[in-house]
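Engineer: The listed protein sequences correspond, in order, to chains A and B. Counting in the working numbering, the first sequence runs from 1 upward without gaps. Counting in the working numbering, the second sequence runs from 1 upward without gaps.
Think of the hints as simulated: they come from the structure by calculation, not from any bench. Among the clues, some could well be false.
Mimicking EDC-like on lysine to aspartate or glutamate, the simulated pairs with C-alpha atoms at most 16 Å apart in a straight line are [as the list claims (entries may be wrong)]:
id	chain 1	residue 1	chain 2	residue 2
1	A	Lys197	A	Glu183
2	B	Lys31	B	Glu85
3	A	Lys91	A	Asp44
4	A	Lys186	B	Glu9
5	A	Lys94	A	Asp42
6	B	Lys91	B	Glu112
7	A	Lys43	A	Glu93
8	A	Lys2	A	Glu93
9	B	Lys103	B	Asp82
10	A	Lys112	A	Asp188
11	B	Lys37	A	Glu18
12	A	Lys2	A	Glu89
13	B	Lys33	A	Glu18
14	A	Lys94	A	Glu47
15	A	Lys124	A	Glu175
16	B	Lys7	A	Glu190
17	B	Lys7	A	Asp188
18	A	Lys94	A	Asp44
19	A	Lys91	A	Glu213
20	B	Lys31	A	Glu47
21	B	Lys10	A	Glu47
Selected chain B positions facing chain A (Cβ under 10 Å, derived; list incomplete) [said to hold, decoys possible]:
id	residue
22	Asn3
23	Val5
24	Ile8
25	Glu9
26	Lys31
27	Arg56
28	Ile64
29	Ser65
30	Arg72
31	Pro75
32	His77
33	Pro79
34	Ser80
35	Ile81
36	Leu84
Fair warning: this is a prediction, and the values are worked out from it, not measured in the lab. Glycine is no exception: its CB is placed at the ideal position from the N, C-alpha and C atoms.
Below, each chain spelled out in residue letters.
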Amino acid sequence: MKPGIIGKKLGMTQIFNETGQIVPVTVIQAGPCIVVQRKTSDKDGYEAIQIGYVDPSGVKGEGKSSRISRAERMHAESKGVQAVRVLRELKVEKTDEAKPGDQVLVTSFQEKALVHVTGVSKGKGFGGVVKRHHFAGGRATHGSMHHRAPGSIGGSSNPSRVFPGMRMAGHMGHEQVTVRNLEIAKIDSENNLLLIKGAIPGPKGGYVVIRQEA
Amino acid sequence: MSNIVNKIEKTLLKKGLPAITPGDTVKVFVKVKEGEKERVQLFQGVVISLKGDGMRTMFTVRKISSGVGVERIFPLHSPSIDKLEVLRSGKVRRAKLYFLREKLGKSGRLKERQDEASSAE
Numbered sequence: 001m002k003p004g005i006i007g008k009k010l011g012m013t014q015i016f017n018e019t020g021q022i023v024p025v026t027v028i029q030a031g032p033c034i035v036v037q038r039k040t041s042d043k044d045g046y047e048a049i050q051i052g053y054v055d056p057s058g059v060k061g062e063g064k065s066s067r068i069s070r071a072e073r074m075h076a077e078s079k080g081v082q083a084v085r086v087l088r089e090l091k092v093e094k095t096d097e098a099k100p101g102d103q104v105l106v107t108s109f110q111e112k113a114l115v116h117v118t119g120v121s122k123g124k125g126f127g128g129v130v131k132r133h134h135f136a137g138g139r140a141t142h143g144s145m146h147h148r149a150p151g152s153i154g155g156s157s158n159p160s161r162v163f164p165g166m167r168m169a170g171h172m173g174h175e176q177v178t179v180r181n182l183e184i185a186k187i188d189s190e191n192n193l194l195l196i197k198g199a200i201p202g203p204k205g206g207y208v209v210i211r212q213e214a
Numbered sequence: 001m002s003n004i005v006n007k008i009e010k011t012l013l014k015k016g017l018p019a020i021t022p023g024d025t026v027k028v029f030v031k032v033k034e035g036e037k038e039r040v041q042l043f044q045g046v047v048i049s050l051k052g053d054g055m056r057t058m059f060t061v062r063k064i065s066s067g068v069g070v071e072r073i074f075p076l077h078s079p080s081i082d083k084l085e086v087l088r089s090g091k092v093r094r095a096k097l098y099f100l101r102e103k104l105g106k107s108g109r110l111k112e113r114q115d116e117a118s119s120a121e
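Looking at chain A on its own, in the form it has when it is part of the complex (with noise of 0.2 Å):
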């Protein structure tokens, strides 16, 4: 199985490397997650593992059973594990033994390696076209009634419509976005930490799914 895990966004910081430089990094809550569900071809249609993200504060789940729902309850109680909120899926191969209960812990990856991270990026609002697009925008001074606007957005008579997936203001963030080949600068097995190079989508307390493809 390739290394797949959730996370939680704790925030950023910087450390030293071996050669005394400093590398920005990004602390990441990296489970303990448990392997839910195993789905297979058969059965799902598809071959996935789904994990959960079991959280170490132990507020989600354990303990507080007014803030799981009786579905999440009911779907871990049938598989035989413990009650978590946040799931997620990884792909797998066909010959993948995992099954519920299985642990998926940090351990699984390497110092060094490439991650990919997903999560759903911070939510900016309405955004206009020169935030949402980068449009130039028009000149400011000197009579110009042309600021933010977008312009033209094509021809009037002929299409006499406007062509789909034309770049326009709207709400932009709070979408699914992937970083890909971040570095993963320090792994701490015991408090279950990754420290990945760089930024990652997302607010502090987001969560994303850290996979190593390669």
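For chain A, the structure is supplied; the task is to place chain B on it using the hints.
Structural biologist: Frame of chain A, contents of chain B only:
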């Protein structure tokens, strides 16, 4: 949540560093890697700036090397700093001593601070 980030930063802090302030003349022992070998290089000068806090603290050391002003910026907690020694403390009235860049020769020197710390030595 951010407690964990703070904890990580704390483990990187060096202990037993001398308290340095702008105006101090310091000796910085820098580890330099040359191929396989590692040796210690000396950089001695006046601290003209100290900024940031925690493990992000950076300080600038200025010296005049064969008539040319040279400045080096170091992270205070960098593992490549082998040792740090304070030789003298200058009497200064501001936090950033960038005015020293315009001074040449004798006018670029700082008067020694006459407080309890230096008189006790």
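Engineer: Take the hints in turn and mark each one as holding or not.
Structural biologist: Here's how the hints hold up against the structure:
1. A:Lys197 x A:Glu183: Distance ~5 Å between Lys197 of chain A and Glu183 of chain A Cα, so the pair holds.
2. B:Lys31 x B:Glu85: 15 Å, holds
3. A:Lys91 x A:Asp44: 13 Å, holds
4. A:Lys186 x B:Glu9: 13 Å, holds
5. A:Lys94 x A:Asp42: Status holds; Cα separation ~10 Å.
6. B:Lys91 x B:Glu112: Holds - the C-alpha atoms of Glu112 of chain B and Lys91 of chain B are around 5 Å apart, at most 16 Å.
7. A:Lys43 x A:Glu93: Holds, at roughly 15 Å.
8. A:Lys2 x A:Glu93: The hint holds at about 9 Å.
9. B:Lys103 x B:Asp82: 30 Å, violated
10. A:Lys112 x A:Asp188: 13 Å, holds
11. B:Lys37 x A:Glu18: 15 Å, holds
12. A:Lys2 x A:Glu89: 13 Å, holds
13. B:Lys33 x A:Glu18: 11 Å, holds
14. A:Lys94 x A:Glu47: 6 Å, holds
15. A:Lys124 x A:Glu175: Holds. Lys124 of chain A to Glu175 of chain A sits at ~10 Å (cutoff 16 Å).
16. B:Lys7 x A:Glu190: Since the Cα atoms of Lys7 of chain B and Glu190 of chain A sit roughly 13 Å apart, the hinted pair holds (cutoff 16 Å).
17. B:Lys7 x A:Asp188: 12 Å, holds
18. A:Lys94 x A:Asp44: Answer holds: Lys94 of chain A to Asp44 of chain A is near 12 Å, not above 16 Å.
19. A:Lys91 x A:Glu213: 11 Å, holds
20. B:Lys31 x A:Glu47: With a Cα-Cα distance of about 52 Å, the restraint between Lys31 of chain B and Glu47 of chain A is violated, given a limit of 16 Å.
21. B:Lys10 x A:Glu47: 43 Å, violated
22. Asn3: Holds - the Cβ of Asn3 of chain B comes within 10 Å of chain A, reaching about 9 Å at its closest.
23. Val5: 5 Å, holds
24. Ile8: Status holds, d = 6 Å.
25. Glu9: With a closest approach of 6 Å, the Glu9 of chain B hint holds.
26. Lys31: 7 Å, holds
27. Arg56: The hint holds - Arg56 of chain B has a Cβ within 10 Å of chain A, the shortest such distance being about 7 Å.
28. Ile64: 26 Å, violated
29. Ser65: 22 Å, violated
30. Arg72: 14 Å, violated
31. Pro75: 6 Å, holds
32. His77: 8 Å, holds
33. Pro79: 5 Å, holds
34. Ser80: Hint on Ser80 of chain B: holds, closest Cβ of chain A at ~3 Å, below 10 Å.
35. Ile81: Holds - the Cβ of Ile81 of chain B comes within 10 Å of chain A, reaching about 8 Å at its closest.
36. Leu84: This hint is violated: Leu84 of chain B lies away from chain A, its Cβ roughly 14 Å from the closest one there, beyond 10 Å.
In terms of the numbered hints stated before, the structure departs from hints 9, 20, 21, 28, 29, 30, 36, listed from lowest to highest.
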